[in-house]
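**Student:** Sequence:
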Amino acid sequence: YIVVGGDLTGKVLVPIVRDGKRYNLELFGEQKRVKESELEEIEQEIRLNGEYYRIMNRDEYESIQGNPKLIRKIFIEEMLRSLDAFFQKAHSKLQPIGAKMLLLAGNDDYDEVADYIKKNSDETLTEFDKKAVDIEGYSFVGYGYSNKTPWNTPRERDESTIYKELSSLVSRVDADRSVYIMHVPPVDTKIDKAPELTADLKQKVNSGYMAMRSVGSTSVRR
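Its first residue numbered 1, the sequence shown is counted upward by one per residue in our numbering.
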């Protein structure tokens, strides 16, 4: 079994703007102008970095400027295209050897991504968000939401909701024979540390060192 515990999608969309026989883009902070023969290599580099791209003409590029709804639409289309390719590849690799994968969306994944995983869940690739899946007598309990963050990510819950949903989940399983896959870590542990932010979301520095704080969930801890 392979367990994938959330944040399945990337966070960057790279517009590749067609200009005659050349293509303009910004890659890793560097402006590039490439030939069509170089495009496949560029596309592969973008994918390997966990990012997405969309080839468009100048008019299409200008139409998305200052249009967050259209940007979001294109972003999600490319996410789902990439996720669909991953599902197909995973099936082709896992099914012949009898391997299986449990997966759930994380707090950074859009609802459309979570819906895709649910709709395409099967015996090989099994979605288990807010569910318990039996594996050889052990319950694998999945939960992909997080507590509130400064970034207002797509799949956040307040602590009271997290506690209620987790309480319902764990009441159905034997705690001694359960494995909990929680996307958000419990608060005040070694795995919940993150940079402390100022009011304008910049990293806080104390005496030359980056300040850290606990950001995990009190409900998961309980």
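In short, the hints are calculated from the structure, not lab data.
Hints are not guaranteed to be accurate.
[As the list claims (entries may be wrong)] Computed list of lysine to any residue pairs in SDA-like fashion (alpha-carbon distance at most 20 angstroms, straight line): (1) 100 x 191; (2) 11 x 100; (3) 73 x 59; (4) 118 x 137; (5) 69 x 15; (6) 21 x 38; (7) 118 x 107; (8) 93 x 69; (9) 89 x 100; (10) 11 x 92; (11) 164 x 178; (12) 89 x 20; (13) 130 x 89; (14) 89 x 72; (15) 21 x 42; (16) 21 x 79; (17) 118 x 149; (18) 35 x 2; (19) 131 x 38; (20) 73 x 53; (21) 11 x 27; (22) 148 x 191.
**Student:** With reference to the structure, classify each hint as holding or not holding.
**Tutor:** So, going through the hints one by one against the coordinates:
Of the supplied pair hints, the one linking residue 100 and residue 191 is violated, its CA atoms being roughly 27 angstroms apart against a limit of 20 angstroms. The hinted pair formed by residue 11 and residue 100 fails the criterion: a straight-line CA distance of about 27 angstroms is larger than 20 angstroms. Between residue 73 and residue 59 the CA atoms are separated by roughly 17 angstroms; this keeps the pair inside 20 angstroms, and the hint holds. Restraint check: the Cα-Cα separation between residue 118 and residue 137 comes to about 23 angstroms, which exceeds 20 angstroms; the hinted pair is violated.
Pair hint residue 69 plus residue 15 holds up; C-alpha atoms about 16 angstroms apart against a cutoff of 20 angstroms. Among the hinted pairs, residue 21 with residue 38 is consistent with the structure: their alpha-carbon atoms are about 11 angstroms apart, no more than 20 angstroms. Distance check on the hinted pair: residue 118 and residue 107 sit about 16 angstroms apart at the alpha-carbon level, within 20 angstroms; holds. Between residue 93 and residue 69, the direct Cα distance comes to roughly 36 angstroms. Violation of the 20 angstroms bound is thereby established for this hinted pair.
Using a Cα cut-off of 20 angstroms, the hinted pair residue 89 and residue 100 holds, with the two alpha carbons roughly 13 angstroms apart. A distance of roughly 26 angstroms separates the Cα atoms of residue 11 and residue 92; the hinted pair therefore is violated under the 20 angstroms criterion. For a cut-off of 20 angstroms, the pair hint linking residue 164 to residue 178 stands: about 18 angstroms separates their Cα positions. About 34 angstroms separates the Cα atoms of residue 89 and residue 20, which puts this hinted pair outside 20 angstroms; it is violated.
Under the criterion of a C-alpha separation no larger than 20 angstroms, the hint pairing residue 130 with residue 89 is inconsistent with the structure, at around 26 angstroms. For the hint pairing residue 89 with residue 72, the CA-to-CA distance comes to about 26 angstroms; that exceeds 20 angstroms, so the pair is violated. Taken as a hint, the residue 21 and residue 42 pair is honoured in the structure, with Cα atoms around 15 angstroms apart against an allowance of 20 angstroms. Distance restraint check for residue 21 and residue 79: the Cα-Cα separation of roughly 27 angstroms exceeds the 20 angstroms cut-off, and the hinted pair is therefore not satisfied.
Between the alpha carbons of residue 118 and residue 149 the distance comes to roughly 25 angstroms, so the proposed pair goes past 20 angstroms and is violated. The hinted pair formed by residue 35 and residue 2 fails the criterion: a straight-line CA distance of about 40 angstroms is larger than 20 angstroms. Taken as a hint, the residue 131 and residue 38 pair is broken in the structure, with Cα atoms around 45 angstroms apart against an allowance of 20 angstroms. Note on residue 73 and residue 53: the hinted pairing holds, with a Cα-Cα distance of about 13 angstroms set against a maximum of 20 angstroms.
This hinted pair checks out: residue 11 and residue 27 have alpha carbons roughly 14 angstroms apart, not beyond 20 angstroms. Only pairs whose Cα atoms come within 20 angstroms are accepted, and residue 148 paired with residue 191 is accepted, the gap being roughly 17 angstroms.
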